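Visitor: Given these sequences and hints, build the entire structure.
Just so you know, the protein sequences line up as chains A and B, in that order.
Under the working numbering, the first residue of the first sequence carries the number 1, and numbering increases by one thereafter.
Under the working numbering, the first residue of the second sequence carries the number 1, and numbering increases by one thereafter.
Some clues are possibly wrong.
Pairs count within a copy or across copies, as identical chains cannot be separated in the list.
[What the hints assert, rightly or not] Capping the alpha-carbon separation at 25 angstroms, the derived lysine-lysine pairs in DSS-like fashion look like this:
no.: 1; residue 1: LYS276; residue 2: LYS216
no.: 2; residue 1: LYS148; residue 2: LYS253
no.: 3; residue 1: LYS276; residue 2: LYS183
Don't read these hints as lab results, they were simulated from the structure.
Predicted model, so just to flag it, every value in this text is computed and none were measured.
Protein chains: 2
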Amino acid sequence: MRDYKVAIVGATGVVGEEMRKILEERNFPLSELRLLASAKSKGEKVSFKEEEIEIQELNSGSFKGLDFALFSAGATISREYAPIAARTGATVIDNSSAFRLEKEVPLVVPEINLKDAFKNTGIIANPNCSTIQLVLILKPLNDYSKVKRVVVSTYQAVSGTGREAIQELLEQTESLLMKSPIKVGVYPHQIAFNVLPQCDIFLEDGYTLEEKKLIKETQKILGAPEMRITATAVRVPVLVAHSEAVNVETEEKITSSKARQILENAPGVQVLDDPKSSLYPLPVNAAGSDLCLVGRIREDNSLENGLNLWIVADNLRKGAALNAVQIAEALIR
Amino acid sequence: MRDYKVAIVGATGVVGEEMRKILEERNFPLSELRLLASAKSKGEKVSFKEEEIEIQELNSGSFKGLDFALFSAGATISREYAPIAARTGATVIDNSSAFRLEKEVPLVVPEINLKDAFKNTGIIANPNCSTIQLVLILKPLNDYSKVKRVVVSTYQAVSGTGREAIQELLEQTESLLMKSPIKVGVYPHQIAFNVLPQCDIFLEDGYTLEEKKLIKETQKILGAPEMRITATAVRVPVLVAHSEAVNVETEEKITSSKARQILENAPGVQVLDDPKSSLYPLPVNAAGSDLCLVGRIREDNSLENGLNLWIVADNLRKGAALNAVQIAEALIR
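Guide: Structural data, given as structure tokens:
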């Protein structure tokens with residue numbers, strides 16, 4: 001097996017850093033790791049295995065000789081540089097929303113639709129964090145009995161917004177404990193000891209972009225444009241791991257014990273479901289895990305064929321960096 | 001207008017304290033305010049208007065001469081003492097879950113079903129906090145077009161659990177900021193920087209008691225036992241005010257602008273809904289308000305006739321103490 005030249009674009013961001021950790025943890029076969037970021041991080045050194053790697057400034061010449069370019073520097077950077085990287089010969093795995101809904105760009109969760117990854121024309125899109133964990137549990141249920149409708153409410157961690165949002169939550173929390181005035185910058189309102197029913201920007205129809213991503217990306221990954229989905233995306237004062245309350249209507253009855261059995265056998269999923277001992281997925285436990293945790297599996301008696309579930313996954317790992325690295329691993333296998 | 005003798009049972013709890021504040025704020029016509037609590041608070045003094053009132057120990061002789069007894073000391077205390085208070089001649093307004101679903105006990109939100117309050121036989125039940133805000137928005141929608149099904153996910157503040165839960169959130173938060181070990185006591189898991197998909201105890205069918213209350217109490221208050229409702233109740237690290245993501249299916253179409261108009265005219269409700277300026281209900285703004293705030297009103301395109309809404313209300317005020325005082329005010333009017 002040969003070794004590969006890989007770049008991380010946005011290497012100093014929270015997801016970029018997680019990508020580096022995951023490449024190291026999983027011992028990805030590397031002959032070069034190129035860390036690209038904006039001018040302000042140029043020259044900084046970060047450790048990788050026994051080496052120190054210097055951050056390079058991203059420019060159109062950054063991609064020569066690469067096998068893979070893992071992008072996580074926002075949609076604007078991806079729109080500008082991902083096509084250049086692809087033309088230069090790298091396979092781009094892009095964690096931004098820039099190309100996810102483009103028809104010729106595969107949107108891939110390896111456990112679900114890995115075959116789509118092989119149909120790429122240079123760019124593969126990594127889905128939104130809140131989407132990945134949702135499709136991991138919808139796919140096996142949908143395989144058993146067609147999913148007709150999904151209502152999802154999210155409880156999303158601030159790390160999904162980036163490093164400044166983590167800082168803002170911690171600083172606001174400290175200020176409030178000291179009864180000092182807080183600073184609001186990253187989010188439009190206080191996030192500490194509060195919840196915000198807004199993730200990403202608002203669209204014309206009153207939905208946020210995050211809600212639209214969750215709906216459209218899920219339909220694309222599952223190859224089910226007719227699946228009816230609605231969403232409310234909410235930011236909560238949690239550092240890492242997104243939670244989702246998911247209500248599912250299926251064509252045939254799935255009992256809660258059948259659902260538990262289906263999900264226990266689903267790839268990338270771990271069932272944690274024992275109410276009697278207060279066992280259910282929690283953000284603080286999901287942080288650092290590679291799996292989508294699911295619990296509170298129960299029949300919804302307001303429907304003939306309905307289920308309620310509670311899912312939690314690490315938004316930086318399976319929701320972003322891990323999924324991207326898994327795609328690269330599959331392509332070289 | 002004559003003055004009334006009123007007791008607060010559980011006067012030292014967070015809701016009991018809020019009841020005292022609200023009686024003062026609203027200048028309830030009082031000739032006596034009797035503050036009852038457990039032995040450990042006996043003799044403590046609290047201020048009310050220009051007076052100092054001494055806390056008395058609750059016992060079966062506590063209720064002589066009272067017009068109203070406002071109970072907020074948990075279901076066990078209510079089950080033991082509310083019938084005694086009623087027999088002694090007081091009208092009991094009980095904030096616990098003890099009697100809410102009993103057929104002969106009215107369960108009242110004054111804006112919705114005040115007439116039920118007059119049919120009491122000594123005890124009137126005050127609904128659960130998460131229920132009150134939900135029925136305030138469902139009633140006017142249901143009056144316009146029958147509500148067929150509701151899917152609700154909650155984001156509930158720790159003050160709903162009581163004073164020790166507020167303390168636990170603050171102490172855990174401080175410990176985590178100092179990177180010290182945390183203490184877990186009131187909740188089964190860490191609540192700081194976390195969310196818990198468990199409010200109250202688990203029942204046999206996998207639902208929590210909080211979820212069952214939300215479903216059954218809503219049906220009772222609206223006089224709509226056939227209304228299909230499902231719920232996931234989640235505790236979040238917020239001090240005061242519960243939020244709910246509410247998905248509503250109606251028989252006829254209600255456009256988002258029609259829904260906004262209906263809710264703008266609904267008693268006890270305030271519409272805060274301007275996405276362009278990031279205006280929507282937030283727990284930190286709802287805390288201290290007497291109203292149920294509603295925003296993010298938008299059509300749910302996964303249904304022919306569907307709406308999504310986001311509601312927030314102060315769980316200690318409209319969710320508990322204020323609603324109880326409003327019932328008493330209506331009875332003496």
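Visitor: Could you figure out if LYS276 and LYS216 sit no more than 25 angstroms apart (CA to CA) within one copy, between two copies, both or neither?
Guide: between (37 angstroms within a copy, 22 angstroms between copies)
Visitor: Between the shortest in-copy and the shortest cross-copy C-alpha distance, which are at most 25 angstroms for LYS148 and LYS253: within, between, both, or neither?
Guide: Answer is both: 12 angstroms inside a copy and 20 angstroms across each meet the 25 angstroms cutoff.
Visitor: As a check of your reading, is LYS276 near LYS183 (CA-CA no more than 25 angstroms) within one copy, between copies, both or neither?
Guide: For LYS276 and LYS183, only the inter-copy Cα distance (21 angstroms) is at most 25 angstroms; the intra-copy one is 42 angstroms.
Checked against the numbered hints given earlier, this structure breaks none of them.
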